[in-house]
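A.B. asks: Below, each chain spelled out in residue letters.
There are 2 protein chains.
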Amino acid sequence: MKIKEIGELGFIEWVRKNFKIPGKDVIVGIGDDTAVIKDKDGYLLVTKDLLIEDVHFKISFDPFLLGRKSMAVNISDIASMGGEPLYSFLGIGFPKELSWEWIEKFMLGMRDICDKYKVFLIGGDTCSSPKLFISVTLIGKTDKVVLRSSAREGDYIYVTGKLGDSGAGLYILLNNLKSEDSHYKYLIERHLNPTPRVEEGRFLKDIASSMIDLSDGLSIDLHNLCRESRVGALIYGDRIPISDELKKFCAEINEDPFRFALQGGEDYELLFTSSEGLERKIVESIPATLIGRIEKREKGIRILKGGKEENLLRSGWEHF
Amino acid sequence: MKIKEIGELGFIEWVRKNFKIPGKDVIVGIGDDTAVIKDKDGYLLVTKDLLIEDVHFKISFDPFLLGRKSMAVNISDIASMGGEPLYSFLGIGFPKELSWEWIEKFMLGMRDICDKYKVFLIGGDTCSSPKLFISVTLIGKTDKVVLRSSAREGDYIYVTGKLGDSGAGLYILLNNLKSEDSHYKYLIERHLNPTPRVEEGRFLKDIASSMIDLSDGLSIDLHNLCRESRVGALIYGDRIPISDELKKFCAEINEDPFRFALQGGEDYELLFTSSEGLERKIVESIPATLIGRIEKREKGIRILKGGKEENLLRSGWEHF
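Keeping their order, the protein sequence lines are chains A and B. Sequential numbering of the first sequence, starting at 0, is according to numbering that gives the first Met the number 0. Sequential numbering of the second sequence, starting at 0, is according to numbering that gives the first Met the number 0.
No lab work stands behind these hints: they were computed from the structure. Be aware that one or more of the hints could be misleading.
Same chains, same label: a pair holds when it works inside one copy or across any pair of copies.
[What the hints assert, rightly or not] Once the Cα atoms are required to be at most 25 Å apart in a straight line, the calculated SDA-like pairs of lysine to any residue come out as:
1. K39 x T141
2. K16 x R226
3. K204 x R238
4. K140 x D24
5. K143 x L289
6. K37 x K117
7. K304 x D237
Required output: the full structure, derived from the provided sequences and hints.
C.D. replies: Listed below in structure tokens is the structure:
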């Protein structure tokens with residue numbers, strides 16, 4: 000049997016079943032993007048992401064933005080728990096023939112976002128590698144943690160920002176579509192230069208009942224949140240926030256922008272839930288849109304769009 | 000300019016100069032194998048190591064032992080600070096066509112050492128990759144930390160265990176030397192299945208003045224310890240502990256066992272210093288050998304062997 004037949008989820012499930020379960024200090028362990036460990040101060044948050052050449056990026060991508068993004072995706076994981084990012088560790092395997100200019104730009108991009116979010120790079124490992132390989136570990140802290148497993152029936156569902164821009168940007172890059180139009184540039188920028196929602200996460204730690212960041216697309220991440228919380232959901236499809244740039248691009252390529260909004264990954268917006276009565280406080284404090292409601296688990300995960308209700312399938316990005 | 004011209008040390012130096020210096024809570028940051036962060040409980044220790052196919056290992060190596068070793072090298076880093084390893088995070092990129100059987104054995108090896116050292120695997124990331132890529136992050140704790148930068152003139156220098164076995168094991172593997180003799184098996188085993196010295200490190204945290212683990216070989220690691228401590232050293236070459244197996248193997252291939260002991264990496268023994276008067280306590284409590292003495296920086300780093308004194312060059316493993 001090949002690993003691709005087991006898949007990412009099958010692998011995680013195997014680890015969960017076969018490795019010893021940690022003590023009660025570990026609030027969140029295997030299977031989540033961010034581990035949560037209770038300590039005297041509150042909670043220690045630890046996340047780790049891989050970025051591999053020709054899997055997650057091409058060496059032809061802008062190294063400054065790639066360096067920025069390598070850290071941004073980890074900062075987003077900490078943000079999704081309501082945490083404050085603090086210390087990072089960079090594991091990097093360099094092809095021997097890679098130019099120092101490329102690496103310097105990459106590191107300057109990483110420094111740029113570290114400085115912006117007050118993250119310190121304090122360790123790691125370097126070596127040579129046949130392909131460029133990046134592994135960032137980020138440690139954060141919080142006094143109160145928001146999990147993905149605590150959504151309750153009746154809670155409203157929200158997202159920050161707009162959805163689908165990053166997926167469309169990747170589509171442009173992968174299909175090598177050339178255009179000087181500003182909406183092309185905007186969508187590519189949204190893919191390469193995502194904004195982790197740390198400030199919003201810090202605001203939401205005292206307000207949200209559950210939270211996750213959108214790395215795999217709304218469909219998959221909502222399914223993950225609902226599965227962990229043992230609830231169902233109804234999404235008001237027409238309320239999903241979509242940028243004018245994405246609408247314009249989709250009109251040109253004759254594609255439904257909802258496909259990018261639901262299935263395109265890497266928006267790194269926050270998907271969260273909160274109990275009834277806080278709607279005004281939320282939308283007046285942060286750039287968030289109410290897009291649905293948590294229901295009983297038996298109702299499944301559905302989407303209401305143009306007056307019709309249908310099941311929202313779990314689909315989007317899966318590795319292997 | 001290529002990255003190989005900058006080198007690993009050049010890269011680390013660049014990062015040290017160009018990234019913001021963290022606050023005083025970070026006792027050890029960039030440039031060390033393990034970062035040390037002061038917290039309310041004592042010290043948080045964080046280490047991260049990369050293992051890359053065709054750089055650090057071949058896919059033909061025993062996957063169980065490789066899984067074990069991927070974690071062992073990190074446990075050794077925590078041990079070298081006097082720490083207790085606690086929580087680990089595995090980033091792993093799998094070639095799509097790799098068999099599940101291989102991965103299962105790898106993971107069982109990792110579980111074996113995790114269980115032995117009471118380390119919990121609580122997170123990470125997986126994805127597909129052109130080559131097998133392994134990145135382990137390990138978090139540990141200690142109430143008292145032993146740094147590599149605090150050796151003092153007059154301290155004695157010690158190592159745990161025997162040196163050079165691992166380097167000889169690697170030599171056998173890389174040169175594809177075939178033998179059923181037990182000393183071949185022993186040396187290969189010492190390379191693939193190193194023993195992190197956690198218990199010894201815990202004992203030494205209250206006794207050692209400085210400590211480092213031997214990953215790059217005695218020459219390089221002693222140079223690193225002396226540079227960070229701003230001291231010189233004299234090594235009593237004839238006292239360097241060498242196993243009978245290594246002596247036998249070296250006699251057969253007509254090689255000096257000191258070459259492996261000084262330059263062969265990956266022994267994962269502890270190199271430490273301690274003030275005069277504790278010699279008996281140390282050698283009666285743990286398997287350690289006194290091999291030298293810390294001197295003034297101006298005296299350099301020298302080795303006395305067969306009555307002759309010479310400079311001990313910094314040489315051994317360097318990446319790129």
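A.B. asks: Against this structure, judge whether each hint is valid.
C.D. replies: To see whether the hints hold, each was checked on the structure:
no., hint, verdict
1, K39 x T141, "both (11 Å within a copy, 14 Å between copies)"
2, K16 x R226, "within (18 Å within a copy, 46 Å between copies)"
3, K204 x R238, "within (24 Å within a copy, 59 Å between copies)"
4, K140 x D24, "both (14 Å within a copy, 14 Å between copies)"
5, K143 x L289, "within (23 Å within a copy, 50 Å between copies)"
6, K37 x K117, "both (23 Å within a copy, 18 Å between copies)"
7, K304 x D237, "within (6 Å within a copy, 81 Å between copies)"
Violated hints: none; the structure is consistent with every hint.
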